[in-house]
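From just these sequences and the hints, can you work out the full model?
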Amino acid sequence: MENTYIHDHEIDILLNDVVSLYGYDFSEYARASLGRRINRLFALDKFPSFAEFRYKIRTDADYFSRFVEEITVNVTEMFRDPSFYKALREEVLPVLATHPFIRIWHAGCSTGEEVFSMAILLQEANLLHKSLLYATDINPKVLEKLRTGMFPLSQMKQYSENYIASGGKEDFSKYYTANYERARFDASLSKSIIVSTHNLVSDRSFNEFQLIVCRNVLIYFDRPLKDKAFVLFDESLEKLGFLALGSKENLKFSPVAHKFRQLDNKQKIWRKIE
Amino acid sequence: MEENRITHLTGLIVIGGSAGSLDVILRVLPLLKTTMQVPVIIVLHRKISEENILTELLTAKTNLPVKEVEDGDVLVGGTIYIAPADYHLLLEKQGGLSLDASEKINYSRPSIDVTFESAAEAFGKKLTAIILSGANADGSAGMKIVKQHGGICLAQNPATASAAYMPQYAINHVAVDSILNADEIAAYINAQ
Ligand SMILES: C[S@@+](CC[C@H](N)C(=O)[O-])C[C@H]1O[C@@H](n2cnc3c(N)ncnc32)[C@H](O)[C@@H]1O
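Residue numbers (the UniProt record's numbering), protein chains in the order written: chain A, 1 to 274; chain B, 1 to 192.
No lab work stands behind these hints, which were simulated from the structure alone.
Treat each hint with caution, since some may be false.
[Stated by the list, open to error] Pairs of lysine to aspartate or glutamate, DMTMM-like flavour, derived with a Cα cap of 20 Å:
id, chain 1, residue 1, chain 2, residue 2
1, B, 93, A, 28
2, B, 104, A, 70
3, A, 266, B, 56
Set out below in C-alpha cells:
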C-alpha cells in the first residue's frame, strides 16, 4: 500500500516542481480533492514510485499536459441545473437586453457546454447578434474540444430534457446536426464565442463584463484563492453586472460580498450594486 | 483560526447509505440527543430530483441543526451535514468541507468511499464510519482506509437492512468493529 500512495509532503514537492518549471500554481487548490486527483493519476498510469512519477512530470512536457488535464475536473453538461438557466432567461437576460452590446465571461468553461447553452438562450432572446461570449479555461485541451463545436450525440437526450426544464420552447435538435457519434452545433452559435486560455490563479482582468459565469471551478480552490478570484471578478464586472456561481457555491464569505446582492430567486446569481 | 478547529472536535461520524438507508436514518435521527458533541456527515445515494426534500425530511426528525453542505463550510460539532446530490464530499485537514463534481465512483456521486477516505486522512482515529443498507459495494474500500488510519467502522446489521448487500459486503471485506441495528447506532453516536 505505502508505495502506491502519494503523501502530502510529496504533493508539496510536485507542486513546487510544477510551478517552477511550468508556471502553473496549484498550491492553493483545495488539498483533499487535489490529493485525490493526483493519487488517481499516479495509480491510473501505474508508476512504480513517487520518484518516477516526479521525474516524468519534470522532464516530459506532454506528460505534464496530461497531468493538468487529469488533476483538473472537466465534467460539464449543457443546461446543467435547468432552474439556473431559467433564472438567467427570466431575470438576467431582460436586463442585459437594455445594453447596446453584451459581454459575457465564462471562466473555467471546460469543453464549452455551458457556453453553447448561453448562446442558445441569447439567440432565443434575440440578443446573440449583439453579444460576445468569452470562453476561458486553464486547460488548452478542453478549449480545443470547445472549438470544434461538437458534443457527444449520446448526451443529446439528456441535454434536450435539461433545455426543456430550463424553459426552452424550441425543438432542441434544431441547434445541431448529427454527424456520426457527434452533434455539431450551429455555426451561428459559435460565431459569437471567443476562446482563450486564462488562468484564474495568475492571469489578470482582461475586460469589463455585464455577466460573469464561473460555475464549479472555485470549489477546487482553497479559501484564500477563492477570495482572490472573487476580487478578480469584481474588477472585471461593470456596475450592476451579474456574477453567477455553481449551485453549491457562495459569495457570502468573500471580501467583496458587501458589493453584491443575491437575486431573490434562490439561484446563485449576484448583482454588483456598487 | 480555522487551523485549530479540527482539534476542537472530539470526533467525526460519517454515515453512508444507499437503497433502503433513508428509513434507518429517519429512525436514528429522533434518537440523537441535542447535546451531541460531534458533527455527523450523511452521504446518501439518491436521485437528484429528491435533492431539497431530503434535507427537509431530515430536519423534521431532529432538533439538531441539519445542513446541506455548501462549498467552504467548516465542520461544527453537534451539526448534521448532508452531502449534496451530484457532488463528492471531501474533508480538508483543517476541518473544512469541500465539494468535487468529478466522475462518479461506484456509479455514485456522492460516493461513500470518497468521503470515508478523505475523512480517514483528515481525522484518523477520531473517525467513525458507519455503513447502512444498500445494493452497491460503495463504502467498503473507504472503510479499509478508515481502518488503516485507526478509525472505527460500524455496519448496520444486514438482517435488519432492506438491502443487505452493502453492509454485508463491508462485513466480508473489512474488519468492522461492530454490527448494529438502528437503536444501537443512535446509542453509539450519543455516547461520543
Ligand atoms: C468542473 S469544470 C466546470 C465546467 C462548467 N463551468 C460547469 O459548471 O459545468 C471546472 C473547470 O475549471 C477549470 N479550471 C481549474 N482551475 C482553473 C484555473 N486556475 N483557471 C481557469 N480555469 C480553471 C478546469 O480546467 C475545468 O475545465
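- Message: Hint by hint, where does the structure go against what was stated? Just the numbers, ascending.
- Response: Failing hints: none at all.
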